[in-house]
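Asks: Listed below, chain by chain, are the residues.
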Amino acid sequence: MIPSLALTAVAVLAIILLLLSGRDDECEERAAKGQVRQQTPQDNVQPAGLVRRIFSLEDRDFIRGIQSRELQGLFLDERRKVALHWVRQTTGEVREIMKRHRLISRQSANLDAGAEVKLFFRYAEIRFLCGTLALLVRVFGPHVLVNLAAHTSEVYQRMGRSLPKVASVSPGNLAAS
Amino acid sequence: MPCNFARLVYLASTRDYNTGTYHHEGLTARYGMEQTRQALQAAHCDLFRELVSLPLKELVRELEGYISSAHEAPGDFIHAWQELEPYRVAVPMEADSTMVQLFLSNIKLALEILRFHQEQIQANQRPSSPQPLLGR
Numbered sequence: 001m002i003p004s005l006a007l008t009a010v011a012v013l014a015i016i017l018l019l020l021s022g023r024d025d026e027c028e029e030r031a032a033k034g035q036v037r038q039q040t041p042q043d044n045v046q047p048a049g050l051v052r053r054i055f056s057l058e059d060r061d062f063i064r065g066i067q068s069r070e071l072q073g074l075f076l077d078e079r080r081k082v083a084l085h086w087v088r089q090t091t092g093e094v095r096e097i098m099k100r101h102r103l104i105s106r107q108s109a110n111l112d113a114g115a116e117v118k119l120f121f122r123y124a125e126i127r128f129l130c131g132t133l134a135l136l137v138r139v140f141g142p143h144v145l146v147n148l149a150a151h152t153s154e155v156y157q158r159m160g161r162s163l164p165k166v167a168s169v170s171p172g173n174l175a176a177s
Numbered sequence: 001m002p003c004n005f006a007r008l009v010y011l012a013s014t015r016d017y018n019t020g021t022y023h024h025e026g027l028t029a030r031y032g033m034e035q036t037r038q039a040l041q042a043a044h045c046d047l048f049r050e051l052v053s054l055p056l057k058e059l060v061r062e063l064e065g066y067i068s069s070a071h072e073a074p075g076d077f078i079h080a081w082q083e084l085e086p087y088r089v090a091v092p093m094e095a096d097s098t099m100v101q102l103f104l105s106n107i108k109l110a111l112e113i114l115r116f117h118q119e120q121i122q123a124n125q126r127p128s129s130p131q132p133l134l135g136r
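Which chain is which? The protein sequence lines are G and V, in order.
177 is the number that our numbering gives the last residue of the first sequence; the numbers go up by one with no jumps.
136 is the number that our numbering gives the last residue of the second sequence; the numbers go up by one with no jumps.
These are calculated hints, taken from the structure and not from any lab test.
Just so it is clear, CB atoms sit at the ideal spot from N, CA and C, and this is done for glycine as well.
It cannot be assumed that every hint is accurate.
[What the hints assert, rightly or not] DEER-style ranges, computed between Cβ atoms:
1) SER162(G) - PRO2(V): 44 to 54 Å
2) ALA39(V) - ALA124(G): 26 to 36 Å
3) GLY65(V) - SER108(G): 24 to 34 Å
4) ARG106(G) - HIS117(V): 57 to 67 Å
5) GLN125(V) - GLN72(G): 18 to 28 Å
6) HIS71(V) - SER162(G): 50 to 60 Å
7) HIS151(G) - GLN82(V): 31 to 41 Å
8) ARG161(G) - TYR10(V): 32 to 42 Å
9) GLY65(V) - VAL146(G): 20 to 30 Å
10) PHE121(G) - GLN120(V): 52 to 62 Å
11) LYS81(G) - GLN35(V): 37 to 47 Å
12) HIS71(V) - ARG102(G): 38 to 48 Å
13) HIS24(V) - ASN110(G): 26 to 36 Å
[Claimed, not checked] Sample of chain V residues facing chain G (criterion: CB under 10 Å; computed from the structure):
14) MET33
15) ARG37
16) LEU40
17) VAL52
18) SER53
19) LYS57
20) ILE67
21) SER69
22) MET99
23) GLN101
24) LEU109
25) PHE116
[Unchecked claim] Going by beta-carbon spacing under 8 Å, a handful of chain V positions derived as facing chain G:
26) THR14
27) ASP16
28) LEU56
29) SER97
30) LEU102
31) ILE113
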């Protein structure tokens, strides 16, 4: 009884988080249309480094050392905004990759069912992680989530690396298109 | 140049704001227009990435160095930068949008930190108000 209830609760939470991250995408797509710049592959810095910088504990400790409540509040607001921007951008890119993949898969004669299932689960995992992050960043702020954010970034990179075997799109060339 | 932030501002200033292309007469005469454009663009992007990856503490130091090299009153400089946000033009056109957000946010924070320090210095320099004389 209890395990089935727990499973249902997890499933409901997953659906809520997916919906939440989906809503973020739409906001992001609208907001980013004017500001997302055309990228070249060399412009993609090491995402793990960028993520660690956004969720950085070092910066939080530095601000705490200044001992100004105003500055601490501003810092938290600013980092929350940037963290949510990254979450939305990641969700948007992953969604775009899957959209393109679906289009390519339809024309492909030799689909690998195992790879397709694996890709779908990775996609669902990233969407779930992004949804969780979007919720937790709003509630707790970004700095307690550095490991979860780094893990999400890692999963995203793994998805990017596994894509060429399935289809000829990757986060790198997607960004360039 | 005194610091990387000054280099970033300089590289951004070699870009035509109407077209987004980089120009440098001296380099063009020596290496040709296309090579110069590519070199300036790459240098701008590299330097931008370097500054984005800096811890906030070091970015504050960079900005402080830039302000002191400008030979203006720091208070006026900080006020103008907070109001006009001229640092927005230092962003390369090709930069990733999260990097841009982080950079702009960090500069905003760094300016606020420097303003806070500036106010503290001024408060310490202010002569203390005369003490009321006892027994009167």
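Asks: Against each hint, give a clear statement of whether it holds in the structure.
Replies: Going through the hints against the structure:
Checked against the given bound of 44 to 54 Å, the beta carbons of SER162(G) and PRO2(V), roughly 46 Å apart, stay inside it. For ALA39(V) and ALA124(G), the hinted distance range of 26 to 36 Å is not satisfied, since their beta carbons lie about 44 Å from each other. Here the CB-CB span from GLY65(V) to SER108(G) is close to 55 Å, at odds with the stated 24 to 34 Å. At roughly 60 Å, the beta-carbon separation of ARG106(G) and HIS117(V) lies within the given 57 to 67 Å, and the hint holds.
For GLN125(V) and GLN72(G), the hinted distance range of 18 to 28 Å is satisfied, since their beta carbons lie about 25 Å from each other. At roughly 55 Å, the beta carbons of HIS71(V) and SER162(G) sit within the given window of 50 to 60 Å. Against the hinted window of 31 to 41 Å, the Cβ-Cβ separation of HIS151(G) and GLN82(V) comes to about 36 Å, which satisfies the hint. Checked against the hint of 32 to 42 Å, the C-beta distance between ARG161(G) and TYR10(V) comes to roughly 38 Å, which is consistent with it.
Checking the proposed 20 to 30 Å range against GLY65(V) and VAL146(G) shows it holds: the Cβ atoms sit about 29 Å from each other. Our hint of 52 to 62 Å for PHE121(G) and GLN120(V) holds, since their Cβ atoms are close to 54 Å apart. In this structure the hint that LYS81(G) and GLN35(V) lie 37 to 47 Å apart at CB holds, the actual value being about 39 Å. In this structure the hint that HIS71(V) and ARG102(G) lie 38 to 48 Å apart at CB is violated, the actual value being about 59 Å.
Evaluation of the 26 to 36 Å hint for HIS24(V) and ASN110(G) yields a failure: the beta carbon distance comes to about 52 Å. The interface hint given for MET33(V) is violated, since its Cβ lies 19 Å from the closest Cβ of chain G, which is over the 10 Å cut-off. At its closest, the beta carbon of ARG37(V) sits 14 Å from a beta carbon of chain G; the interface hint therefore is violated under the 10 Å criterion. Look at LEU40(V): its Cβ only gets to about 15 Å from chain G, farther than 10 Å, so that hint breaks.
The closest approach between the C-beta of VAL52(V) and any C-beta of chain G is roughly 7 Å, which is under the 10 Å cut-off, so the hint is satisfied. The closest approach between the C-beta of SER53(V) and any C-beta of chain G is roughly 6 Å, which is under the 10 Å cut-off, so the hint is satisfied. Given the 10 Å rule on beta carbons, the hint for LYS57(V) holds: about 5 Å separates it from the nearest Cβ of chain G. The restraint placing ILE67(V) at the interface with chain G is violated, with a minimum CB-CB distance near 18 Å, outside the 10 Å limit.
The beta carbon of SER69(V) comes no nearer than 23 Å to any beta carbon in chain G, farther than 10 Å, and the hint placing it at the interface is violated. Hint on MET99(V) holds. Least Cβ distance to chain G is approximately 6 Å, under the 10 Å limit. Taking 10 Å as the C-beta contact cut-off toward chain G, the hint placing GLN101(V) at the interface holds, the least distance being around 5 Å. Annotation: interface hint on LEU109(V) holds; nearest CB of chain G at approximately 6 Å, less than 10 Å.
About 6 Å separates the beta-carbon of PHE116(V) from the nearest beta-carbon of chain G, less than 10 Å, and the hint is met. Evaluation of the THR14(V) hint against chain G yields a violated restraint, the C-beta minimum of about 18 Å exceeding 8 Å. With a cut of 8 Å, the hint placing ASP16(V) at the interface with chain G is violated, because the nearest CB-to-CB distance is about 17 Å. With a cut of 8 Å, the hint placing LEU56(V) at the interface with chain G holds, because the nearest CB-to-CB distance is about 4 Å.
This hint holds: SER97(V) has a C-beta 5 Å from the nearest C-beta of chain G, less than the 8 Å allowed. Restraint check, LEU102(V) versus chain G: the minimum CB separation of about 5 Å is within 8 Å; hint holds. Hint on ILE113(V) holds. Least Cβ distance to chain G is approximately 6 Å, under the 8 Å limit.
Comparing the model with each earlier hint shows violations of hints 2, 3, 12, 13, 14, 15, 16, 20, 21, 26, 27; every other hint is respected.
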